[in-house]
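Student: Fit chain B to the supplied structure of chain A, relying on the hints for placement.
Residue strings, one per chain:
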Amino acid sequence: MVGVVHYLVLSAAVFAIGVFGVMARSNALMFLMSVELMLNAANINLVAFSLHYGNLTGQVFALLVMALAAAEVAIGLGIILVLDRNFGDIDVTVPTTMRR
Amino acid sequence: MTGAFDFAPAIALLPLAAFVVALFGGKFLPKRGALAGSTALAGSLVLSIWTLVTVAGGETYNADLYTFVAGQDTLTLHLGILIDPLSALMLVIVSLIALLVFIFSLGYMNDEGETGLPRYYAELGLFSFSMLAFVLADNLLMAFMFFELVGLCSYLLIGFWFREEGPPSAAKKAFLVTRFGDYFFLVGTVGIFATFGTGMFAGPESFPHMAEQALAGETSVTTFFGLGEQAWFTVLGLLVLGGVIGKSAQFPLHTWLPDAMEGPTPVSALIHAATMVAAGVYLVARMYGFYLLSPTALGVIALVGGFTALFAASMALVKQELKQVLAYSTISQYGYMMLALGGGGYVAAVFHLTTHAIFKALLFLGAGAVIIAMHHNENMWDMGGLKDKMPVTYYAFLSGSLALAGIFPFAGFWSKDEVLYETLIHGLGGNPLLLAGYAMGLLAVVFTGFYTFRMVFLTFHGEPRTETAEDPHGVRWNVKLPLAVLGILAAVAGVINLAPVEKVTGVHLTFLHDWLDKAPDSFGTAVHHYTGDHGLMHEFAGYTATNPLGETGTVLAGAAVSLGLALLGAGLAYRLYAVPDPEEHTDRLGSLKTLLMNNYYQDEYQVWLARDVTLPLSRAADTFDQSVIDGVVNATSSVSLFASERVRRIQSGIVTHYATLLTLGLVVILVVLGLYGGWF
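Just so you know, the sequences run in chain order A and B.
When you line the first sequence up against this note's numbering, it's residues 1 to 100, in that order.
When you line the second sequence up against this note's numbering, it's residues 101 to 780, in that order.
Pulled out of the complex, with its shape left as it was, chain A reads as follows (with noise of 0.2 Å):
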């Protein structure tokens, strides 16, 4: 029987892949993927509770995170435009400037 455990094992490790990706890339595009992972890890958790405790709101709220992830990716896309057309690469480790 799949209980809420898995889903959260799940959960955690899609999570985890996400902070990996976060901190051993740096490729700006894998940085955009790696928020999208936990992003969604946290979607699994919502809608696993939605459905252990039998009630809806978590499921709206993976919509809403859905949505919100969407206008992320937009944000997140145009940010590395700028970080292109600036630096004339996507590599986050490139821009320093605010350490000044």
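I should point out that these hints are in silico values taken from the structure, not numbers from a laboratory.
Note that the Cβ used here is the ideal one computed from N, Cα and C, for glycine as well.
Treat the hints with caution; some may be incorrect.
[To be verified] Pair ranges (Cβ atoms, derived):
| # | chain 1 | residue 1 | chain 2 | residue 2 | range |
| --- | --- | --- | --- | --- | --- |
| 1 | A | Q59 | B | V747 | 27 to 35 Å |
| 2 | A | L77 | B | F742 | 37 to 45 Å |
| 3 | B | F742 | A | V47 | 46 to 54 Å |
| 4 | A | A16 | B | F742 | 35 to 43 Å |
| 5 | B | S737 | A | L8 | 46 to 54 Å |
Tutor: Just chain B, lined up with the frame of chain A:
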């Protein structure tokens, strides 16, 4: 109805106006501001005399004029005016002498073609303003403010010829030495405000009255350091006395006054003889009701006074410069006033203050006339024979000298005799301190007679010893007029209080005593309140008067002794110096002469104190400040600099690092929460 008291502030404000006029417009005025000053002082004198007449009619005045800090349930600081017989008398003395000095300055400064005259007259006006306001002050804080202001004017005027070498240094010395005393005064003022919540001099709300009630056990006041009430009042009195000793040039803070003679002579006459130096004595007289509560403070005053009288007189014996002799004699005479105050002779002190202001201003102005005549040479050994060349100056100077030496019947005889008599009878009443003061005062009489007439004979008698003395520079009316006025006053001013004559003949002649007794009972500043049969002096100071030869006998004996000693000194001077070609006899004193010429090495000792004690001490304090205090501050800043230098490295600017830190931070928070929340 408008009376004299409505114009009382103008007594002080007129010279202030003269100060402003002379300072900003002096350049464009004829006589460079002298006329503005003279007019203002003449106005002040008229108003002062009007005030005096009004006070004689039995009216007094004690009012706040301007409150600059209004306290809620605590002390209030204000400027006010107190006019009682003492201050009314002092106002007339100050404004009279200031007026005469302004007139004399026309001859001494304008006619001699000095530069910087607007500055001179402005400073003189500012001084007159401060001194008159000090006299008018109705509370201790106001008195302190103007006490400081006269000190400032003294500094400015001593250093008037600031391009020369001596005056600026003398000015600094005067300022620093009096300042040293003023620190004690300031602490005492704060102490009095803290103890009584008021600094008023007179009235039921005044601090002498509150102190008196506290000692009588009717009320209580807060004392500090666990001292009893009387002990604490003694401490306060002695602290204020510090300022008095500085300003009135008493031992050991007298060293500034002889140096102050570097200033223009009219300034010496006004500030360093007749008025500012009197401020200290006036202050003690002003709060005499407070000092009478403490026999210890009175004893200190008497001893300091008696010692200073003798000490300064001995130094005057060997001086070669005219103004130096007068400077030491001034110190000595103020010693007499302090002796009188300490010895319970309130009237005697005020009497001597009055006569001394007259005859010492006269002597200084006479010296100024001689200095004009001698083309600014002050050495008495270069003078001689001036008697026939400048008769007005000579007779005026002689009158002042007879008064100074205390020769019958000149003013100084009566006042000095009363000082000594009061000290003697209270000393015989069982107070050895006063007897010691009396003995020193009596010995100083001989010295006074000697140095006074040595000065007169060397300056005016004999043959001229230099070419300048043979053909002296003439002086005009503006020098002669003040000399004549003061010369007459010095001869006759004694009539205001002929106490010995009254005791012998029974005719009532002690007018000054009556005058000072006019203060209303509510003020608590009348003589009967101080020294009457049930006065503070008997109740608290424990002084009793003893006349071993009966009252008349003691008076006569005392007068005879002091007159005899004065004549002895004068006679000795006559024998030694009243010859056509006098020579220095000071060599006979041997090593004592060196000691006296060097002023008992007082200057050296004070310089040593400053250079070898205070300087290393302040160096050590500076080192402590630089190393320890600054070290702590610097260490704090370098620690944070170092730490932030390290911490700023985490700001790499690389997004990945921030993400890593975020994640690590989250993990740490989770672990900590888990540990404390008991999840594991």
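Student: State for each hint whether it applies.
Tutor: Hints, one by one, checked against the model:
1. The supplied range of 27 to 35 Å is broken by Q59 (chain A) and V747 (chain B), whose beta-carbon atoms lie about 45 Å from each other.
2. For the hinted restraint 37 to 45 Å between L77 (chain A) and F742 (chain B), the CB-CB distance of approximately 44 Å keeps it satisfied.
3. The given range of 46 to 54 Å is respected by F742 (chain B) and V47 (chain A), whose C-beta atoms sit roughly 52 Å from each other.
4. A hinted range of 35 to 43 Å holds for the C-beta pair A16 (chain A) and F742 (chain B), which are about 38 Å apart.
5. Between S737 (chain B) and L8 (chain A) the C-beta distance comes to about 51 Å, which sits within the given range of 46 to 54 Å.
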